[in-house]
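*Asks:* Read top to bottom, the protein sequences are chains A and B.
First residue of the first sequence? That's 1 in the numbering used here, and the numbers climb one at a time after it.
First residue of the second sequence? That's 1 in the numbering used here, and the numbers climb one at a time after it.
Since the hints were made in silico from the structure, they are not lab data.
This one's a predicted model, so the numbers in the text were calculated from it and none came from an experiment.
A couple of the hints might just be wrong.
Said to hold, decoys possible - So the derived label-pair ranges between C-beta atoms look like this:
1) B:S128 with A:K43: 35 to 45 Å
2) B:E143 with A:D128: 51 to 61 Å
3) B:P96 with A:D50: 36 to 46 Å
4) A:P32 with B:A157: 42 to 52 Å
5) B:Q136 with A:T151: 37 to 47 Å
6) A:L21 with B:Q132: 20 to 30 Å
7) A:R74 with B:Q124: 47 to 57 Å
8) B:D126 with A:E45: 47 to 57 Å
9) A:A140 with B:P94: 30 to 40 Å
10) A:G68 with B:P96: 45 to 55 Å
11) A:D50 with B:Q132: 43 to 53 Å
12) B:K43 with A:A112: 49 to 59 Å
13) B:A22 with A:W19: 28 to 38 Å
To be verified - Residues on chain A that point at chain B, a partial pick, calculated with CB under 7 Å:
14) G13
15) V28
16) L31
17) V42
18) L81
19) R84
By construction, the Cβ of each residue, glycine as well, lies at the ideal position given by its N, Cα and C atoms.
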Amino acid sequence: MTALLLKYPEVEGRYLSSWELSALQSYVQDLPHRLMLYQGMVKKEKALIDAVMAKFQPTLPNLTQQHGPLAWQRCRRDLTLVWRYCTMAFLLNDEDYLRDKLLYWLETILKAYKMREQCHPAYRFLGDALVPVLGDEAGAAIRPYVMLAQTMLMG
Amino acid sequence: MDITWQWAGVVAEQEGDILEAALIEGMMDYVQSFAARQQLYQKIQARELPWIQQVLAQHQLQTDGELSPQSRWAAEFLARHVRALALSMLVNQPEPLLQELQWGEIETSLDLQALLADLVAVMQRDCSELEQRLLQPFWDLLERPAPPPEIPETTGAVPTLMEMFV
Numbered sequence: 001m002t003a004l005l006l007k008y009p010e011v012e013g014r015y016l017s018s019w020e021l022s023a024l025q026s027y028v029q030d031l032p033h034r035l036m037l038y039q040g041m042v043k044k045e046k047a048l049i050d051a052v053m054a055k056f057q058p059t060l061p062n063l064t065q066q067h068g069p070l071a072w073q074r075c076r077r078d079l080t081l082v083w084r085y086c087t088m089a090f091l092l093n094d095e096d097y098l099r100d101k102l103l104y105w106l107e108t109i110l111k112a113y114k115m116r117e118q119c120h121p122a123y124r125f126l127g128d129a130l131v132p133v134l135g136d137e138a139g140a141a142i143r144p145y146v147m148l149a150q151t152m153l154m155g
Numbered sequence: 001m002d003i004t005w006q007w008a009g010v011v012a013e014q015e016g017d018i019l020e021a022a023l024i025e026g027m028m029d030y031v032q033s034f035a036a037r038q039q040l041y042q043k044i045q046a047r048e049l050p051w052i053q054q055v056l057a058q059h060q061l062q063t064d065g066e067l068s069p070q071s072r073w074a075a076e077f078l079a080r081h082v083r084a085l086a087l088s089m090l091v092n093q094p095e096p097l098l099q100e101l102q103w104g105e106i107e108t109s110l111d112l113q114a115l116l117a118d119l120v121a122v123m124q125r126d127c128s129e130l131e132q133r134l135l136q137p138f139w140d141l142l143e144r145p146a147p148p149p150e151i152p153e154t155t156g157a158v159p160t161l162m163e164m165f166v
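Chain B extracted, bound-state conformation (with noise of 0.2 Å):
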């Protein structure tokens, strides 16, 4: 089973042109992954959270409580990629971050690489042989940081980290 072959992309370059045998055979792989993928898609979602707790506690950063901004555009930096990566192993294709957000100034004083590095490492504990299989063509886009998301000025209550993946 390739289940490295990017299925969507291809077909759409397709244009005017009818699908070769290999394509089909790729799109039939493909179908026969879906359920693995789903089900690894649905466990990302359910696990992204203590993940990322464990990455932030890493970094010694606050993982409870009232989030310092800090915290919190780490968290949703993480998340997001988190995210990207997940969607993109489920339809088979790279989802690469889109969004370009300005910077601010908190993710100057992190390590960016190093927290993904850590997100990986985190995620690659916790996934089966299949899963990590899964998983393997879409690493890449956790090397490079995005854009980090903007921290909106805090207004009222402060969102705990439970509060902000609910």
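So that you can see chain A by itself, here it is in the shape it has in the complex (with noise of 0.2 Å):
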């Protein structure tokens, strides 16, 4: 739980009980650990975005056929946004910082461009990069909002 997640409106008026308190507490106590982590994500989020990216674009072929010059830049720039989202999530240790932020957006974006399909392979090969790219700790502990960008992204 972070600072963020106290949902200001509901402890509005009272103090927080020592539950939550405890659960701040934790989470300032861990960010140091997951500030390193963080960093060590930033560091190599081009050779995880070039990983995937090596491994979807032989999958479609044609893309730029049937989106336009730009379709690789713009689908770069998706997953780049997309795992940027998924970093900071997991500094805050916040999942819905991460569904109302982007993913409720960007699933309508790609239903409505009937893109689900076509980018269902590149959060599989995201998944798949993680541990292989960031080592076992930060593959670990940025898997469950990959995950949930998965899952949401590709329905």
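Grab the two chains, each in its own frame, and use the hints to assemble them into the complex.
*Replies:* Structure, rendered in structure tokens:
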């Protein structure tokens, strides 16, 4: 639970319960380690996205014909965006952040453009690349957020 | 140690971006100040009642026995502000009062600005230098009167101040 997750309107006018306070304390104590992992994830962002794109591009040889010359650029941008929201949600220990800030919106866009099927493998490749690129600890730490994105965006 | 750094709000604004080194440093500063914040939060919780009693007494409002609606209203008004201040300090981001409640007639007979100013003075007298530094960015939350709590119809026993803050 983070400060963001205190959901201020719910705690307005009262003191935090001992459970809420101890959850906040535990999050703050864990924050330096979380920050260290976050910084490692940021450093390896390019290597991770490169690894995903290298596997993903051969699966859609006609993408630029279907969606224009910038299709792969947009695909990379969207993947990077999802990845960054995942890392931020991890840092905040807040899956709602990922859902509310990005996934509901992106899910609607993918549905509207009928892109869910096509994007399907990209998020699977992203999940597969976590441990090989980031290592065991960081890969396991970010996995729940990537899985959430995968589940929501792939339907 | 930059204790004025408000990390959670800043982090939330970095949507789709990467945190800059300065922000990460600010988060580490927050971590370092957290024990002091938590201790102060608990002190505020423990001292809330005596602080409010002092302020009420300064305004010739009842502090014991069955409270008049005016005293009860003033006590709740002050408590809401103390709690907003305490939470803001703990999470290091301003958490202003959000609930918009009906303004009744009682508060018109009270000087809200003076109640809050006296509350600040009472709290500041009771806080160490470090505690005051932690609270410093948030005192302005107590500068504007917030909408007061609604006074429910009095039915049955009227609570004492002690009962209200247990």
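*Asks:* Now tell me if each hint is right for this structure.
*Replies:* Hint by hint, here is what the structure shows:
{"no.": "1", "hint": "B:S128 with A:K43: 35 to 45 Å", "verdict": "41 Å, holds"}
{"no.": "2", "hint": "B:E143 with A:D128: 51 to 61 Å", "verdict": "55 Å, holds"}
{"no.": "3", "hint": "B:P96 with A:D50: 36 to 46 Å", "verdict": "45 Å, holds"}
{"no.": "4", "hint": "A:P32 with B:A157: 42 to 52 Å", "verdict": "51 Å, holds"}
{"no.": "5", "hint": "B:Q136 with A:T151: 37 to 47 Å", "verdict": "45 Å, holds"}
{"no.": "6", "hint": "A:L21 with B:Q132: 20 to 30 Å", "verdict": "22 Å, holds"}
{"no.": "7", "hint": "A:R74 with B:Q124: 47 to 57 Å", "verdict": "56 Å, holds"}
{"no.": "8", "hint": "B:D126 with A:E45: 47 to 57 Å", "verdict": "49 Å, holds"}
{"no.": "9", "hint": "A:A140 with B:P94: 30 to 40 Å", "verdict": "36 Å, holds"}
{"no.": "10", "hint": "A:G68 with B:P96: 45 to 55 Å", "verdict": "47 Å, holds"}
{"no.": "11", "hint": "A:D50 with B:Q132: 43 to 53 Å", "verdict": "51 Å, holds"}
{"no.": "12", "hint": "B:K43 with A:A112: 49 to 59 Å", "verdict": "53 Å, holds"}
{"no.": "13", "hint": "B:A22 with A:W19: 28 to 38 Å", "verdict": "33 Å, holds"}
{"no.": "14", "hint": "G13", "verdict": "5 Å, holds"}
{"no.": "15", "hint": "V28", "verdict": "5 Å, holds"}
{"no.": "16", "hint": "L31", "verdict": "5 Å, holds"}
{"no.": "17", "hint": "V42", "verdict": "5 Å, holds"}
{"no.": "18", "hint": "L81", "verdict": "5 Å, holds"}
{"no.": "19", "hint": "R84", "verdict": "5 Å, holds"}
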